[in-house]
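Chemist: With the hints as extra help, turn the sequences into a complete structure.
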Amino acid sequence: MAHKAGLFDLRLVIAVLFGIYGVVLAVVGLGFTDESDLAKADGLNINLWSGVGMVALAALFAAWALLRPVVVPDDADAREGA
Amino acid sequence: MPVLAEAQADLRLDAGPLDYALLAIYFAFVLGIGFLARRSVSSSLDFLLSGRSLPAWVTGLAFISANLGAIELLGMAANGAQYGMATVHYYWIGAIPAMVFLGLVMMPFYYGSKVRSVPEFLRRRFGKGAHLVNAISFAVAQVLIAGVNLYALAFLLNLMLGWPIPLSVVIAALIVLAYTTLGGLSAAIYNEVLQFFVIVAALLPLTLVGLHKVGGWQGLVDRVTAGPGGSEQLSAWPATELTGVQNPVLSVLGIVFGLGFVLSFGYWTTNFAEVQRALSAKSMSAARRTPIIGAYPKALIPFVVIIPGIIAALVVPELAALKAGDGSSGIVYNNALPALIGELLPNGMLGIAITGLLASFMAGVAANVSSFNTVFTYDLWQDYIRKDRPDEYYLRIGRLATVGGTVVAIGTAFLAAGYGNIMDYIQALFSFFNAPLFATFILAMFWKRMSAAAGWIGLVAGTLAAVLVFVLAETGVVDLPGQGASFVGAGAAFVVDIVVSVAVTAVTRPVPEERLVGLVYSLTPKESRRHSTTGEDAGWYRSPLVLGVGVLALTVVLNIVFG
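Sequences listed follow chains A and B, in order. Residue 82, in the numbering used here, is where the first sequence stops; the numbers in between run on with no holes. Residue 1563, in the numbering used here, is where the second sequence stops; the numbers in between run on with no holes.
Since the hints were made in silico from the structure, they are not lab data. Mixed in with the good hints there might be a few duds.
[Unchecked claim] Think about it this way: if two alpha-carbon atoms lie no more than 20 Å apart in a straight line, the pair counts; the simulated SDA-like pairs of lysine to any residue are:
| id | chain 1 | residue 1 | chain 2 | residue 2 |
| --- | --- | --- | --- | --- |
| 1 | A | Lys40 | B | Tyr1296 |
| 2 | B | Lys1114 | B | Val1517 |
| 3 | B | Lys1213 | B | Val1315 |
| 4 | B | Lys1213 | A | Leu48 |
| 5 | A | Lys40 | B | Ala1320 |
| 6 | A | Lys40 | B | Ser1113 |
| 7 | B | Lys1387 | B | Ser1043 |
| 8 | A | Lys40 | B | Lys1387 |
| 9 | A | Lys40 | B | Gly1227 |
| 10 | A | Lys40 | B | Arg1509 |
| 11 | B | Lys1213 | A | Ala56 |
| 12 | A | Lys40 | B | Gly1216 |
| 13 | A | Lys40 | B | Val1315 |
| 14 | B | Lys1448 | B | Arg1509 |
| 15 | B | Lys1213 | A | Leu44 |
| 16 | B | Lys1128 | B | Ser1113 |
| 17 | B | Lys1213 | A | Ala39 |
[What the hints assert, rightly or not] Not close to chain B: a few residues of chain A, all C-beta gaps over 12 Å, as computed:
| id | residue |
| --- | --- |
| 18 | Ala63 |
| 19 | Leu66 |
| 20 | Leu67 |
[Unchecked claim] Some chain A residues close to chain B (C-beta under 7 Å, calculated; not the full set):
| id | residue |
| --- | --- |
| 21 | Asp9 |
| 22 | Leu10 |
| 23 | Leu25 |
| 24 | Val28 |
| 25 | Lys40 |
| 26 | Ala41 |
| 27 | Leu44 |
| 28 | Asn47 |
| 29 | Ser50 |
| 30 | Val52 |
All residues carry an ideal CB built from backbone N, CA and C; glycine is no exception.
Modeler: Spelled out as structure tokens, the structure:
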């Protein structure tokens, strides 16, 4: 079977998306949040906190992807534990 | 009607350039996944079943994400706003046990027999009658439901952002079409996993801000108790409001048997849009773990969907008025989630929340379309129209079916836009097909004597029984308010299916036993039902049984603490 082993790692895609989202939100939360934004979210700087949370999620997925990379087996029976 | 126009203007979100930029980034990722996944598609099995190569955490998250569509998200938040905590039954009773059952008991036959779809299992077990009934009803249902999902998406975009409905329908359909035609099921599944995280990233901060606003958990309890629903809305049992059954004992029975057993087992264990995710897993062990891994986040989703619904009924003034009996603002419970988002989130998180809602809608549409193309290609085209062609031919048919299915779905969306009630009827219609299927599958897998004729006659009789109950409830012959009618209908379908199947089997010839190896419990050697426990399937934490018992225990604890 001429299967291409071109499966990309979804974990890195998730890490990059949430890395971008997290940094953007944290910057907005730190530098571009006025009183009315704060008042809307009941005094919480929700952009900042969500941004920090997303960066943490991104870091988790990046670490997982780097520590346990995808092993592409030659055939289904010769699989090894990653 | 100025009142209605005003209410709709209230829901208009204050989205700025930043929010649109966050949305655009997400769409770029979704399409990028489609292009990347394309490289791994070289056969029809790659396209329609991901080449049976995906790890369990991916298929597990896709399994629940495929269900986390428009109707689910908005509907469950709406139920939370209207009925309170009783809504958790849709998750803890109505999903978790069925998902564990699918993984532990039924998956060995689905995955082990190497069928490529749920209808194909019926063809191998019963031959053509049951297969045609199921394949056609499933294909038609998925295309129509995709249309309903598309319309719901467009309606929300119109309400929140002011986009014209036809434009939103076409844009959303084109995006889903682009990535599913390019990358097939892999692209759909990878995007479902991404969607899952975006939905959580949108709803978790919303829930936390909402809880902060009402004064924490204790504040929520106090305010609901003081509100029009009273403290009854804080406990899940006996859910008399939800079922519409006044007697608490009968109400609990209705929840456990109607919702928990028949409706949810029918949906989760035989709906190919769900089962397909597990069939794309890379090993028997991963396939069995798929629904069970999905059950863990599923058990926790109520906290970020139902709780915001309850909060919305407290902090959104129009919803609070509606709940107190004053519906003059024109708001409906289905608007609970978008209304709360507009009330609490500033620009930035607002963009993430809009992205999360859109992601959830597209996940639903993509799941409908990607299961439709598989059933159409393998079960209808290959079995009845053009047999024995080379695989490239079926790969091409799979892509064309994706395009065709999406075009029909767009048509359905416009139909739904013209006749609002049609959505309710379409959904009711297709719940009819699910309820008897579970009965037929349980008999099929565990009773080798069941004959081919019993397969399709049982299905048809069960469906008719559900239709009868629905018609009686609609015309007011029997009085079943709330969700009672669908619970009773599902129960009737189940019982009639079993009785008719047994009766027909008694007077018809059984299927020859040698054809049933791998399909029926007593004729399948124990070895082929086992999954490997070495390599990537090793370790106690990868045991489907341990994981399954774990999530059932978690659900019991959640029921005791929050029920």
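Chemist: Each hint should be assessed against the structure and marked as holding or not.
Modeler: Hint-by-hint comparison with the structure:
Note on Lys40(A) and Tyr1296(B): the hinted pairing is violated, with a Cα-Cα distance of about 33 Å set against a maximum of 20 Å. Between the alpha carbons of Lys1114(B) and Val1517(B) the distance comes to roughly 12 Å, so the proposed pair stays at or under 20 Å and holds. A hinted pair counts as satisfied when its Cα atoms are at most 20 Å apart, and Lys1213(B) with Val1315(B) qualifies at roughly 8 Å. Distance hint between Lys1213(B) and Leu48(A) is fulfilled; the C-alpha atoms sit about 17 Å from each other, no more than 20 Å.
With a C-alpha separation of about 18 Å, the suggested pair Lys40(A) and Ala1320(B) falls inside the 20 Å cut-off, and the hint holds. For the given pair, Lys40(A) sits about 55 Å from Ser1113(B) by alpha-carbon distance, which is inconsistent with the 20 Å threshold. Straight-line distance between C-alpha atoms of Lys1387(B) and Ser1043(B) comes to about 17 Å, which keeps the hinted pair within the 20 Å bound. Note on Lys40(A) and Lys1387(B): the hinted pairing is violated, with a Cα-Cα distance of about 62 Å set against a maximum of 20 Å.
The straight-line distance between the Cα atoms of Lys40(A) and Gly1227(B) is roughly 23 Å, outside the 20 Å bound, and the hint therefore fails. Proximity of Lys40(A) to Arg1509(B) is assessed by CA-CA distance (about 70 Å); at most 20 Å being required, the pair is judged violated. Annotation: proposed proximity of Lys1213(B) to Ala56(A) is violated, straight-line Cα distance about 25 Å (limit 20 Å). About 17 Å separates the Cα atoms of Lys40(A) and Gly1216(B), which keeps this hinted pair within 20 Å; it holds.
Between Lys40(A) and Val1315(B) the alpha-carbon distance is near 12 Å, which keeps this suggested pair within the 20 Å criterion. The suggested pairing of Lys1448(B) with Arg1509(B) holds, with an alpha-carbon distance near 12 Å, which does not exceed 20 Å. The hinted pair formed by Lys1213(B) and Leu44(A) meets the criterion: a straight-line CA distance of about 10 Å does not exceed 20 Å. Restraint check for Lys1128(B) and Ser1113(B): the C-alpha separation of about 18 Å stays at or below 20 Å, so the hint holds.
A threshold of 20 Å between alpha carbons decides the hint, and for Lys1213(B) with Ala39(A) the separation of about 11 Å falls inside it, so the pair holds. The claim that Ala63(A) is not at the interface with chain B holds, since no C-beta of that chain comes within 12 Å of its own (minimum 15 Å). Distance check on Leu66(A): its Cβ is at least 16 Å (rounded) from any Cβ of chain B, clearing the 12 Å threshold; non-interface status holds. Every Cβ of chain B is farther than 12 Å from the Cβ of Leu67(A); the closest lies at roughly 15 Å, confirming the non-interface assignment.
The interface hint given for Asp9(A) is violated, since its Cβ lies 10 Å from the closest Cβ of chain B, which is over the 7 Å cut-off. The criterion of a C-beta within 7 Å of any C-beta in chain B is met by Leu10(A), whose closest approach is roughly 5 Å, and the hint holds. With its C-beta approaching chain B no nearer than about 5 Å, Leu25(A) sits inside the 7 Å limit, and its interface hint holds. Interface hint status for Val28(A): upheld, as the beta-carbon distance to the closest one in chain B is roughly 4 Å, under 7 Å.
Interface restraint check for Lys40(A): the shortest CB-CB distance to chain B comes to about 5 Å, inside 7 Å, so the restraint holds. Because the smallest distance between the Cβ of Ala41(A) and any Cβ of chain B comes to about 5 Å, under 7 Å, the interface hint for this residue holds. Here the hint on Leu44(A) is kept, as its CB sits about 6 Å from the closest CB of chain B, short of 7 Å. Annotation: Asn47(A) was flagged as interfacial toward chain B, and the flag holds, the nearest CB pair being 4 Å apart, inside 7 Å.
Of the supplied interface hints, the one on Ser50(A) holds, with its beta-carbon coming within about 4 Å of a beta-carbon of chain B, less than 7 Å. At about 11 Å, the closest approach between the beta carbon of Val52(A) and any beta carbon in chain B exceeds 7 Å, and the interface hint on this residue is violated.
When the structure is compared with the earlier hints, violations turn up for hints 1, 6, 8, 9, 10, 11, 21 and 30 and for no others.
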